[in-house]
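**Student:** Listed here are the chains, written in short residue letters.
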Amino acid sequence: MKHPMAAAAREGLHVNKIRADFPILARTVHGKTLAYLDNAATSQKPSSVISAIETFYTTMNSNIHRGVHSLSEEATGAYEKSRDLVRRFIGAESTREIIFVRGTTEAINLVASSFVQPSVKAGDEILITGLEHHSNIVPWQLVCGRTGAVLRVVPITDEGEVLLEEFASRLTPKTKFVAVAHVSNALGTVNPIQAMVTLARERGIPVLVDGAQAVPHLPVNVRELGADFYAFSGHKMYGPTGVGVLYGREELLSTMTPYQGGGDMIKSVSFEKTVYNDLPHRFEAGTPNIGGVIGLGEAIRYLSSLDWRAVEEHEADLVAYCTTMLSAMPGVRIIGTAREKAGVVSFVVEGIHPHDIGTILDQEGIAVRTGHHCAQPVMERFGIPATVRASFAVYNTREEVDRLGKGLRKVKEVFG
Amino acid sequence: MSDLRSLYQEVILDHNKNPRNFRVMEDADRSLEGYNPLCGDRYVIYVRMDGDTIEDVSFTGSGCAISKASASVMSALVKKKTKEEALRLFSQFHDLVTGHGVGGNEEGLGKMAVFAGVSEFPARVKCASLAWHTLKAVLERQTTAVSTE
Numbered sequence: 001m002k003h004p005m006a007a008a009a010r011e012g013l014h015v016n017k018i019r020a021d022f023p024i025l026a027r028t029v030h031g032k033t034l035a036y037l038d039n040a041a042t043s044q045k046p047s048s049v050i051s052a053i054e055t056f057y058t059t060m061n062s063n064i065h066r067g068v069h070s071l072s073e074e075a076t077g078a079y080e081k082s083r084d085l086v087r088r089f090i091g092a093e094s095t096r097e098i099i100f101v102r103g104t105t106e107a108i109n110l111v112a113s114s115f116v117q118p119s120v121k122a123g124d125e126i127l128i129t130g131l132e133h134h135s136n137i138v139p140w141q142l143v144c145g146r147t148g149a150v151l152r153v154v155p156i157t158d159e160g161e162v163l164l165e166e167f168a169s170r171l172t173p174k175t176k177f178v179a180v181a182h183v184s185n186a187l188g189t190v191n192p193i194q195a196m197v198t199l200a201r202e203r204g205i206p207v208l209v210d211g212a213q214a215v216p217h218l219p220v221n222v223r224e225l226g227a228d229f230y231a232f233s234g235h236k237m238y239g240p241t242g243v244g245v246l247y248g249r250e251e252l253l254s255t256m257t258p259y260q261g262g263g264d265m266i267k268s269v270s271f272e273k274t275v276y277n278d279l280p281h282r283f284e285a286g287t288p289n290i291g292g293v294i295g296l297g298e299a300i301r302y303l304s305s306l307d308w309r310a311v312e313e314h315e316a317d318l319v320a321y322c323t324t325m326l327s328a329m330p331g332v333r334i335i336g337t338a339r340e341k342a343g344v345v346s347f348v349v350e351g352i353h354p355h356d357i358g359t360i361l362d363q364e365g366i367a368v369r370t371g372h373h374c375a376q377p378v379m380e381r382f383g384i385p386a387t388v389r390a391s392f393a394v395y396n397t398r399e400e401v402d403r404l405g406k407g408l409r410k411v412k413e414v415f416g
Numbered sequence: 001m002s003d004l005r006s007l008y009q010e011v012i013l014d015h016n017k018n019p020r021n022f023r024v025m026e027d028a029d030r031s032l033e034g035y036n037p038l039c040g041d042r043y044v045i046y047v048r049m050d051g052d053t054i055e056d057v058s059f060t061g062s063g064c065a066i067s068k069a070s071a072s073v074m075s076a077l078v079k080k081k082t083k084e085e086a087l088r089l090f091s092q093f094h095d096l097v098t099g100h101g102v103g104g105n106e107e108g109l110g111k112m113a114v115f116a117g118v119s120e121f122p123a124r125v126k127c128a129s130l131a132w133h134t135l136k137a138v139l140e141r142q143t144t145a146v147s148t149e
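Chains as they are written, first to last, in our numbering: chain A, 1 to 416; chain B, 1 to 149.
It should be emphasised that the hints constitute simulated quantities derived from the structure, not laboratory data.
Just so you know, even glycine gets a beta-carbon here, dropped at the ideal spot from N, CA and C.
Honestly, I wouldn't trust all of these hints.
DSBU-like, lysine-lysine: derived pairs with alpha carbons at most 35 Å apart [said to hold, decoys possible]:
(1) B:Lys17 - A:Lys32
(2) B:Lys111 - A:Lys412
(3) B:Lys83 - A:Lys412
(4) A:Lys410 - B:Lys17
(5) A:Lys273 - A:Lys176
Residues from chain B that keep clear of chain A, each with C-beta distances beyond 10 Å, as calculated [unchecked claim]:
(6) Pro19
(7) Asp41
(8) Gly51
(9) Ala76
(10) Ala116
(11) Arg141
Working from the sequences, and respecting the hints, build out all of it.
**Tutor:** Here it is as structure tokens:
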């Protein structure tokens, strides 16, 4: 897949140089250098992103789209520049298709409220998969509760994969919408998203792709993919929290009613009649997270400066190295053994609860996530309450994976 | 390692491995579920009362070592105690794990004292207190499941 990052020079990844771009990686935790392996929860931020936000607040802070003064013009320019950076980053046709939201969760809720809810009726079906994050389950349950539509779920295999034939067999004349993760946050499974989108679109069923875990790891081109909606968060791709993106095909966005009412999303308001603003502003009610959007733009600039193919190779190497190490440890079971995985290794240790493992690893300076990862149905599927999840980013190293292994040996020491 | 040992004391590891009173109580007067959605710890506490006295107490469920050991130690501590005594123990335990009011004076806390280290691990206070909160709710005749979120 062609990606803007493919344009970067093909010279491999200089991980030490990259690490120096992330100031937080120099800190210690309990006297030990931080090994941050919780990137699927949120990634760390490079200095350039942090200073872009600081620069906004120190030099041009003002509200956008309304002032005639210089600061407002500069802020508006920077905000809209980020929109164009996002457009290019995901290969969208027009900036009218790029809506800034708080994050993936809000993007999905926006589509649920403004697109799906008005178009389904009792008995219609909304299709998701068994590996979805709660934020790609609950909005659809709310729609079903309000309309009488029915939520259908494509089961996952023991490996944590969605089989295309299982998916295809659940696309029926009743299916009115499909919402599916590109990459599973709990298991790391990369879904066969291109084939899934094609299967749905062939039947005229609109598709939303939850790309929160995909965008930091894989090249995404929404036009080639053909998805109707694609949602992702800034903070998992080296940008700030509180900002995310909903991509929507203009043809669909232009028919949708606003999600929230307020300032910036209108052209004119009177007590008799309000005329809504054009795309994309119609879906951005109220003063947006201007500093966050500018930070996100900088994160995209940062990602685009890296050799993308080398990023993919490096992260795939970390997943493989970690998988091999854990597989050799007695009593360790890896949860999610899909052929295609990105960025995540989830596991359990016999007889020791993930929460205890997380506390002991933290004492070693190693940050992992323990729990159900907001994917309780996935945990249920594997018959476990929780997992330990190591998740990787561009700045992680094999040495940090070795430290995870050493930490797990200490866990076993403590628990005898 | 010393910090970890203050949390994972031998007594705690032992109660985790061999929990006391870990069984369904068929003739319980009352039972209630306690759930910690953060980490998925889930226990049911069973109680049989004789007037105002806890005649028998037991629990079932699963969770981390801290939560399970805490439920086990609690069951041993409150058996044959009156409701009032048990609620006093609850307060003592709560103060102990949140680092309030004990001030190094751990005498008189008995087996409970092994949980003093929890106060150094704020993320684990909920684990340690789940069973106790559930017991309190049982004794106060609450009927909706307890959640420590």
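**Student:** Compare the structure with each hint and give your call.
**Tutor:** Tested hints:
1. B:Lys17 - A:Lys32: Cα-Cα ~30 Å, so holds.
2. B:Lys111 - A:Lys412: It holds: about 25 Å lies between the C-alpha atoms, which stays within 35 Å.
3. B:Lys83 - A:Lys412: violated (39 Å)
4. A:Lys410 - B:Lys17: Distance of about 18 Å is within 35 Å: holds.
5. A:Lys273 - A:Lys176: Distance of about 32 Å is within 35 Å: holds.
6. Pro19: holds (13 Å)
7. Asp41: Incorrect as stated: the minimum Cβ-Cβ distance to chain A is 8 Å, not above 10 Å.
8. Gly51: Answer for Gly51 (chain B): holds, closest chain A Cβ roughly 37 Å.
9. Ala76: holds (21 Å)
10. Ala116: holds (16 Å)
11. Arg141: holds (28 Å)
Of the numbered hints given earlier, the model fails hints 3, 7; all others are met.
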